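Model the full structure from these sequences, guided by the hints.
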Amino acid sequence: MTVTGLKLQFWALINLIHTMPHIISEADNVALTAITTAQEIKAAVFLLNADSSPGPDGFTGFFFHHCWEIVEYDVVITKILASRLSPLAERIISKEQYGFIPNRNSQQAIGLASELINELKAPRRGGSIAIKIDISQAFDIMDWEFLWAVLQQLGFSGTWIQWIKGAFTTNSLSIMLNGVPQGHFTAQRGLKQGDPLSPLLFALAEDCLSRNISHMVREKKILPMVVNAKYSSPSHLMFADDMFIFSNANLRSIKNLVKILSSIEDSLTGSL
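In case it helps, UniProt numbering puts the sequence shown at residues 1 to 272.
Hints listed in this document are in silico derivations from the structure and should not be mistaken for laboratory results. Since the model is a prediction, treat every value here as computed from it, not as a measurement. Note that CB positions come from ideal geometry on N, CA and C, so glycine has one too. There could be a bad hint or two in this list.
[Claimed, not checked] Below 25 Å or equal to it, Euclidean Cα-Cα: the simulated PhoX-like pairs (lysine-lysine) are:
1. Lys79 - Lys165
2. Lys165 - Lys221
3. Lys79 - Lys221
[To be verified] Simulated restraints on C-beta separations:
4. Phe185 - Ile35: 28 to 38 Å
5. Gly179 - Phe62: 19 to 29 Å
6. Gly179 - Lys255: 26 to 36 Å
7. Ile129 - Phe185: 54 to 64 Å
8. Trp68 - Leu120: 48 to 58 Å
9. Thr60 - Asn15: 43 to 53 Å
10. Arg104 - His22: 19 to 29 Å
11. Gly127 - Phe185: 46 to 56 Å
12. Leu120 - His184: 23 to 33 Å
13. Ser172 - Leu120: 42 to 52 Å
14. Ala38 - Ile129: 25 to 35 Å
Structure below.
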């Protein structure tokens, strides 16, 4: 890539993440990067599902529960990091996201989405549209540089971000052929399936899309779907990697929606 191309890529990323607040406090960072205690390690292990599928080592959660005195010095690091991050998620991530976030009622949001879809039939000036988006292979396509930029913008400390990087960039992968691992290689992108950190990190990265849509609505670049004279619908609802967007069908709103969706797609996949 040319120097000009790198500059364009940099400024495109800056324009996307500028809507995300610097929300992580110094106290949050101290708690996130505190020295891990023996009690914290034990709590992480006993949160493992006893009936979970065995990992590459062949051991299930049941084994670790019942053999704790033997394995207690083996650190389950990503489970601990996820346990520290999870309590902050509700405060950090936009209220429009109902997936992966504790204490948010996804059933209520699904009911609201159903009601808004029924409202599409009502005649309104400019018309109304609803867009259903499913991010294909959501965890697999995640671009790491975009994720690190989002974490930095939110105010996570350099120490915490380095821990997250270490959890994902230092792993080697192998392909099973007839039940036998064949070779090893390192990943260049993506979040690990089944890792307790992955859903929270994906929700943080996807929140960039949520905040950009909300910003465009506030700037009146995207007009919301008006249900009646006193109530406008939420501009969007998110359920993990699924998303509904509700908008007025005027041409300017649609063009701006396409623009922001294209920009987020390029950032998530690293194809800027």
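Now the hints, each set against the structure:
1. Lys79 - Lys165: Holds, because 15 Å separates the two Cα atoms, which is no more than 25 Å.
2. Lys165 - Lys221: violated, 36 Å
3. Lys79 - Lys221: violated, 41 Å
4. Phe185 - Ile35: 28 to 38 Å: holds, 33 Å
5. Gly179 - Phe62: 19 to 29 Å: holds, 23 Å
6. Gly179 - Lys255: 26 to 36 Å: violated, 52 Å
7. Ile129 - Phe185: 54 to 64 Å: Distance hint for isoleucine 129, phenylalanine 185 is violated at roughly 43 Å.
8. Trp68 - Leu120: 48 to 58 Å: Distance hint for tryptophan 68, leucine 120 holds at roughly 55 Å.
9. Thr60 - Asn15: 43 to 53 Å: holds, 46 Å
10. Arg104 - His22: 19 to 29 Å: Holds, since arginine 104 and histidine 22 (Cβ atoms, about 23 Å apart) stay within the stated range.
11. Gly127 - Phe185: 46 to 56 Å: holds, 50 Å
12. Leu120 - His184: 23 to 33 Å: Violated - the Cβ-Cβ distance for leucine 120 and histidine 184, about 51 Å, lies outside 23 to 33 Å.
13. Ser172 - Leu120: 42 to 52 Å: holds, 49 Å
14. Ala38 - Ile129: 25 to 35 Å: Once the Cβ atoms are compared, 55 Å apart, the range 25 to 35 Å for isoleucine 129 and alanine 38 is violated.
In the structure shown, a violation is registered for the earlier hints numbered 2, 3, 6, 7, 12 and 14, in ascending order.
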